[in-house]
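Enquirer: As a plain string of letters, each chain reads:
Number of protein chains: 2
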Amino acid sequence: MGEREEVKLLGTWYSPVVARAKIALRLKSVDYDYFEEDLFGSKSELLLKSNPVHKKVPVLIHNNKPILESLNIVEYIDETWNASGPSILPSHPHDRSQARFWSAFVDDKWFPTLIATTITKSENAKAKGMEEVGEGLLLLEDAFISISKGERFFGGEVIGFMDICLGSFLVILKAREKLKGENILDKSKTPSLCKWANQFLADHTVKNVVPEIDRVVKFMREFEAETQTRA
Amino acid sequence: MGEREEVKLLGTWYSPVVARAKIALRLKSVDYDYFEEDLFGSKSELLLKSNPVHKKVPVLIHNNKPILESLNIVEYIDETWNASGPSILPSHPHDRSQARFWSAFVDDKWFPTLIATTITKSENAKAKGMEEVGEGLLLLEDAFISISKGERFFGGEVIGFMDICLGSFLVILKAREKLKGENILDKSKTPSLCKWANQFLADHTVKNVVPEIDRVVKFMREFEAETQTRA
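One line per chain: the protein sequences are A and B, in this order. Going by the UniProt record's numbering, the first sequence opens with residue 1, and the numbers climb by one from there. Going by the UniProt record's numbering, the second sequence opens with residue 1, and the numbers climb by one from there.
Hints listed in this document are in silico derivations from the structure and should not be mistaken for laboratory results. Given the structure is predicted, the values throughout are model-derived calculations rather than measurements. Treat the hints loosely; a few may be bogus.
[To be verified] Here are the simulated DSSO-like pairs of lysine-lysine, each with C-alpha atoms no more than 30 Å apart in a straight line:
#1 K128/B - K49/A
#2 K49/B - K128/A
#3 K126/A - K55/B
Could you put the whole structure together from the sequences, leaning on the hints where they help?
Expert: Okay, structure coming up:
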């Protein structure tokens, strides 16, 4: 009998980037112990020790060694449990480079722009930001059509790297649409991406792994009320 | 006789991130055609067509397919010419995740902070930024000691992913030290990193691939004069 591997995940239930690690672990059928962090209260000793540079979640701890940054964790899971479950990154170098390119677009440009529209108090800046978010979705629609080649996901018939990257933000997107009556993912503009989003959220590796939209709506409402009281 | 592979690199001579692609191609002994872009004048049709989203260099074009983003290009080169030359990323998943983590730290945090100190007109902001740059170098000194385990590079006895990532900025760092009389890489504070920097710049895969420091000093001086005239 082999020794049981230590796999720990430090996260918060509402974090989309923590959901990335959870989905990847689920795709690879890896058992793990989950530790909920309180980022508004005090962070755990384990988090501070494991991620002294950024002190952020997610942190994956595998046999005592921490792995940091969500997409880095997803790649680590893919490489470590490579014999188990589907490959998360595509196998051909060019397809891999496309998955990494679009993931960087989502993380460095598209999502930060969306978040900035929530934070800004200027109506002008918000309108300009939402226009950029919409333009980004058009680019992602084209990328999806080109990469998926008629299959269900960016990764083909199963969820892959870029699905996890963009898909992890869908719950926040849907929660925000519900909270503010917005229509960010618009069926008339990005039909393929809308279909992909529904398929992603309904997939058995995602459905019970990401938080419920209504719970996130409630969390966002409380968070907004809290920050407005403080401001 | 096989068909000659098409490998094109679009870049600018002074760009540190373009140097990353050049060093990786050199490590793998890949022949390529280089195209100098004029980012201050008009960008080439090939650049606009290959990178319509960001319109930035470097772009690697391999058999008609563009690969974008410098570290993504380095990974692509490592994976595509995997049988040629040393492996650029380490082979163990945990070592790979460390290389990716510290590279993200350099690209997303450390280098942008250094650049911000050049741009800001506030002496306070500049001093605070330079303090953060120094703290970042202390973290990188510790990371180097832990990762290199007494060998010459982050990658061991040969240059690897993290060497290319951080090392590509050394010419700009040295040029700035020369131009402003600063001492950013301080032997008394980060002795291992200073030794690493000299070894990196003297390595045969780097020496004639990165631009000469004096040429970059001249370029920076002209660029500063130009922007001050316009301001």
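Enquirer: Would you mind marking each hint as holding or not holding in the structure?
Expert: How the hints compare with the structure:
Between K128/B and K49/A the CA atoms are separated by roughly 25 Å; this keeps the pair inside 30 Å, and the hint holds. Among the hinted pairs, K49/B with K128/A is consistent with the structure: their alpha-carbon atoms are about 25 Å apart, no more than 30 Å. Distance check on the hinted pair: K126/A and K55/B sit about 25 Å apart at the alpha-carbon level, within 30 Å; holds.
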